[in-house]
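Residue numbers (this note's numbering), protein chains in the order written: chain A, 1 to 842; chain B, 1001 to 1128; chain C, 2001 to 2363; chain D, 3001 to 3333.
One should not assume that every hint holds.
[Claimed, not checked] Straight line, CA to CA, 27 Å or less: simulated DSSO-like cross-link-like pairs of lysine-lysine:
#1 B:K1040 - D:K3119
#2 A:K430 - A:K504
#3 A:K840 - B:K1040
[Claimed, not checked] Computed from the model, here is a short list of chain D residues facing chain C with C-beta under 8 Å:
#4 R3083
#5 W3087
#6 G3091
#7 G3152
#8 A3160
#9 T3264
#10 T3269
#11 I3270
#12 G3308
#13 M3316
#14 A3319
Since the hints were made in silico from the structure, they are not lab data.
Ideal Cβ positions, reconstructed from N, Cα and C, are used throughout, including at glycine.
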Amino acid sequence: MTASADDAALDQARQQAQAARLRQVWATPGGWRYWSAVNNSEVGLWYTATAFVFLLFAGLLGLLIRVQLAVPDNDVLSAELYNQVFTLHGTVMMFLFAVPVFEAFSILILPEMLAARDLPFPRLSAFGYWCFLIGGLFVCGSIFFNAAPDGGWFMYPPLTTDLEQSGIGADIWLLGLSFIEVASIAAAVELIVGVLKCRPPGMRINLIPLYGWYVLVVAGMILFAFPPLIAGDILFELERLLDWPFFDPARGGDPLLWQHLFWIFGHPEVYIVFLPAIALLAMIIPTFAQTPIFGYSWIVLAAVGTGFLSFGLWVHHMYTTGLPAISLGFFSAASVAVAIPTGVQIFVFIATLLVGRATFSVPMLFACGALAIFTLGGLTGVMVALAPFDWQAHDSYFIVAHLHHTLIGGVLFPIIAGIYYFYPFITGRKLSDRLGRWAFWLMFVGFNISFVPMHFTGLRGMPRRIFTYPSGLGWDWLNLVSTIGAFILAAGILVLVLDVLRPKGRQPYVQRNPWRAGTLEWLTEMPGEDWGVRSVPIITSRYPLWDQPDLMRQVDEGRFYLADAEEGRRETLVTSVLDAEPMQCLRVPGNTFLTMAAAGLTGAVFIFATFHWWLATAVSAVLALVAIVAWLWTGTAIIPEKPSKPVGRGLELPLYASGPDSVGWWAMFITMLGDMAAFASLVFGYFFYWTIRPDFPPGPDAGPGVAWPFLALSLILAAWALTLAARRWNRQGLSQNLQLALPLAALLALAGTAALLAGPWQAGLQPQAAVYPATVWLLAGWTACHVVIGAIMQLYGLARSLAHRLTPAHDIDIRNIALYWHFTALTAVVTVAVLALFPKVA
Amino acid sequence: MAAERALQTAGGLWTLIVSPTVWAVHFTLCYAVAAVYCAKAGGGQAADLLPVRAWIAAVTVAALAIILWSGHRALRQWSAGAVDPPHDAATLADRRRFFGLATLLLAGLSCVATIYVALPALFIGDCR
Amino acid sequence: MRLTLRRGLLILAALAGGGLLFAWSGLFNVAASGGHWPITDWFLHWVMRSSVRTQALGIEVPELNEPAMVQRGAGHFAAGCAPCHGAPGQPQSAVVTAMTPPPPALAERIAAWQPNQLFWIVRHGIKYTGMPAWPATGRDDEVWAVVAFLLRLPELDDGTYRRLAFGDGATAHPLPPDTATLERLLPRCNACHGPGRAPATAPALAGQSGPYLAATLAAYAERRRGSGIMQLAADGLTPAAIAELAAYYAGSQAGSPPAAGTDLALLPEGEQIARRGVPASGVPACASCHDAVARYPAYPALAGQTAAYLAGQLALFQSGARGGTAYSHIMAMIASRLDDAQIAAVSAYYASQPPRQRAAALP
Amino acid sequence: MGGTGAERRRAGWRLAWPAGLALAACSGSQSALDPAGSEAERVAQLFWVMLIGTGVIWSLVIGAAVYAARVRPGPHDPAISRRLIHWGGIGLPVLALTALLAYGLQLMPELRAAGDGLKIEVSGEQWWWRVRYQTADGRSIVSANEIRLPAGERVELTLASPDVIHSLWIPNLAGKVDMIPGRVNRLVLEPTRTGNFRGVCAEFCGASHALMAFAVVVVTRPEFEQWLSQEAAAATGASSAELRRGAVLFEQVGCGGCHAIRGTAAAGTIGPDLTHLASRRTLAAGILPNEPAALRRWIAAADTIKPGVRMPSFGMLPAADLDAIVAYLASLE
């Protein structure tokens, strides 16, 4: 025994002890407590699996549609059931598969791609998942009670606001999906902060995997695209529930406002589902070309450019609504322009294949199939971007063909490529190559047989969403062919499902990094450990596994950061936004049932509201608030037992950070951007009515007057100022001043709320009477809700201070509350300006 | 203070989106003015769009000027292409060059997209 | 011994098994002859009273003082309730008093209940007693009429009760020859539809067409039109009897116009709806069917009924509880397009119109 | 105009020639690919141009991908890749898209140019079409579920809806325009040849959206004049006892509450005007042939033929009464 051998043995023992501690800290609980897990590997897996179950359900609905349309004058489904089936098919595919699967996949793999232990807010991910599951089951289950929504997945009023013609299905759609949208936004916030703040040291922003860029762009788009729909949902439900006439032309409303709000969401949404799929290809293609992506900057250009341009396309869903040609022209221009970045991505992939040495495998097969299908979908997209052609194609089977080309080619095929590619990452085993080829060819051939003919079916005059058609119009054989193709496609998916589900217990684990990829997620052991990465490495390349020799061994030996969990806490690194310099050792909360309870109770609020069980709704709302406050109280802004700790390699990092250095501040900031987007949508509604109605507002004195709104504004601004003062006093060590200021601020805020609502109340504005009073009440109510939530936050801050969980040195809470109040003050200023002053100048 | 620092470190991210933001503002200004004009101005469907077309020309020139300025700055930041991509070294210089190139490319795209958005004003003369 | 989850479950299973064994053995005696033990009797009543108290919470009580309503309830009470519960001057029979539990004589019990609780009992009946639920769903208006009568019951003497329940027994129209059936049935019908009673107590039948009346009676008899009152009245009527009754009432003189008290302000709008309809919401003019020059025999006349009756029927159509003849789906569709104000207006209008005799039959 | 339209159509077909077989499948009375109106012709031409472009571009892109992945999967010079991105990803798309956008934009004012004088108000209602012809001399003639147009003239359609959103689409003549409650839209049609076509509702409008079609009849100007004067006339009186019985029953049963027959007491405005029902090509908004048997089926069971329809079914009428009403309606030429 030499000394160095002793050292080596000692070193090995130390490593094993570290690994044991890490394993214990990150262990997934067993038994029924398994469902309290919040770790990204568990939640991501549930999330992905659930999204796929919804995909299969919606696929079955799609087959029902094809069965009904196989022959003319068919009566397998009644008109009523058919309308529910196609509405649910679209709704589930878009809201319960396409968007969530991206978030699910990202929660599953993004931390590993960034060599992070977890996302910064694991409990938020878990909350999002349970919301998604509850809302999804609620929406899907409705069809078994003949209560599914039946107005088409974009739910145009006034068909869907007519209580006679649309039953509870419309409420289920609105409330169920609003609930899921909230979960989506939560996931988006999480992913943005994850990409910006949880990268490994050294991974400067020019080195992040392309998937990270796409996640950043897409999550940003969600932040600005979903809130308009939530705003629209609020208008919609107020009309259905309380008869506020936002879409009723007889009382000054306009059905087109819904179309604007829906498509301001709806078109970016198409890119929200498409970009992540392209991101998967951007990970897969370099691996199989065994070369770095050629044109990294171009992909970034394409992702960011698409993200922006996609917000200028929404009216191309409204070309036939009779808007002036010049307006259509702008959107036509943007719709054409967005083809450029989309094309760039495709050419970057081809260029990468050219530079590298392509090896072919099932993921590549699906990637190429995706390219072939999506390119056609993109080209027909350019066709319908031209308004004159769209006037013919709109709402016909041409559009059905186009959108399935983009969504199946641009989302489903890449995702299946991703399944084959990442399956070993998740389970440690590979899927069958032979079954994969069968699945691909069945799906590819079936898809083309099914959907290519639809272009012609549509141009030969077949509108979409018809449950039957007469024979002799030249659609008969085209439809029959489409139905046959749909079943071939379904057979391919069945093969895939069988392959995924077949027991693989006897199959050996594959070697690590089976595809010889270059990115960090392939550091994972086979089978994977719950800790994600043994130690957080220092990165100097876009493809560290290719370019940093010996990286895997050093990571495994714990040579990098956070190789240990001495205090038995879950920890991950927080780094700076651009250059990924280590900034903080972030402690993330562990497993809990609180998030499940909070999601269940929040879900109960929405579900009870659907059935108008108001007492149960109110009780659930209070309980949900209690659960959320309990979760915040126990799981956030925890004061560490020491200010800092060594994280390895001689680096000492703080354990606590507040303000812009903390992830919580960024999450609040990003959330409030989304909140502002929703508010902006409501203000847009106000000015939209002003544009189209000469009597909106009815006169300079029609509104809530000037006195009440300005009184409200002064009170709210005073509450804001006091909050800021409280933050300052706290920093100066004057906790007692904070404890005085916050309750006073809450009082002022509540008084401001009362004054804000007193304006329209005193003016006798009847929201049911016409759209103007309804809009005034809406804006006042929105702001009032925000101020009341702000007051609750102030009281929460007071309680935290009294409990010594908010101290001069540990001030996360008050800084986040102050940040919230900046946005609330802005909301109040805009609301008062619009309500009190605009009628004077209009 | 910390907020300022955050903004400075994120500076590359903000300059990256200057030109697409200009496109978005330009788009909004064109669309909103045309929509309000056609809805509010007399003349109904046959209303002559001349004032709107003049407005679009003006905002287009302004938007293109800002985009070109942004592109020019990006060009310099990219070192005028002195070093070829892929800019994948873990250095401050390569990070800057990467941002320069990406910003430049986005400026180019925004430039094309802005011109596209202005094109309808060339072809369409009334509110029909 | 510690009580674990497992042991607890075992104990529960044993208890359940024992209970099943006891029931299967037949040792439990279900004879009614012995009555309940006092403790059982107390417990069952306590459960019943608690249940009624809680279940009746939140039921809103309408105006119950209307004489027509009391008369309507009285007529049904005599036919449907008195056989078990007895009535003033009509003690309970020996047969019903041998029931377990025996149906109570009601007069002294009414005061123990609130109107909403009485409503709940009459509407839903009571399990494990002989008290049935109201035979027709969606007819709360009829249940309230019975409640209105029950509230008056404690103060009624024999004669007042008979006048309330049966009227003065007058017939509206000279009887045709060979009238054995009619003589037997008419007093029951006239208790509500006879002169001096209709249209306040029940709709006026005079002036309706024979085919309409026959089809309506058949609809009651076949349960296609829900009514706890009329189903009882129409039960067991032979087709011949239905035809005789229909012919008799179709040929009888229309009664006097309904009492005053209609809201005159409603009449212009009501007339507009009756004559022009509400085209914007797809409501055709009522007159196009109900007042046609020569009305189609399947359609009823509306003039001369009370506003309350007409509005009530339209509300039943809206709620889907109305049913009726093979033509009733037309009215259900139209009624669904009316709002409450329109219903009030058009009902007031027709209530203000004098009943009209049928014009000549079809060419 | 008509002549140049025909020329354009021929030009369109020449352009379409490479599309070969697809052509054989294009004729039809409800097909955008068999244009019979100047708008549809120009759009069809645009489509064929774009289809060829699409075919070429798709082949090039997929060809390049297959070449790179399967044919010669070895490493190439990065300069080639760079050029591929510069030209394939940026240069050519910008050129092609600019040209296409200009093509599309210059078409728009042309397709939305004003009409020649004749105006038709069309109102989409669940689930049928109310049609009102406004003649130059100020008369207003009501009809339903059928639009007659003179060939070679630009006719302006005014589109509205009282209930939910519908969309009027006659693929052979032009693209669709929505009918939105609270708004009035316009569509100008210029049929270039006579013939019978079919139009449909293109926007989902409730349970029987699929059953909301109409007939479009394009005739020559003189034929149109003659038809319009006939349509303007009141209904001819019932000529036999059975028809008279049907007329009386029509009134007694209450049909007149919803339907109008000009020249009789029936003046309802809720449902389609039936004054010249028998002269129309179809029944029940384009879904049944106009023959007495179908008419009888429709009156007896409208709700099973068209789910959710606003007309009650009258299958409970005695057969003789039903027959008399059908016979009367079938006589309304």
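Hints, verified against the model:
1. B:K1040 - D:K3119: Roughly 25 Å separates the two Cα atoms, so the pair holds.
2. A:K430 - A:K504: 9 Å, holds
3. A:K840 - B:K1040: 17 Å, holds
4. R3083: 66 Å, violated
5. W3087: 61 Å, violated
6. G3091: 59 Å, violated
7. G3152: With a closest approach of 37 Å, the G3152 of chain D hint is violated.
8. A3160: 13 Å, violated
9. T3264: 12 Å, violated
10. T3269: Given a least distance of 5 Å, the restraint on T3269 of chain D holds.
11. I3270: 5 Å, holds
12. G3308: 11 Å, violated
13. M3316: Holds. Min distance 4 Å.
14. A3319: Nearest chain C Cβ about 13 Å off; hint violated.
When each numbered hint is compared with the structure, violations occur for hints 4, 5, 6, 7, 8, 9, 12, 14.
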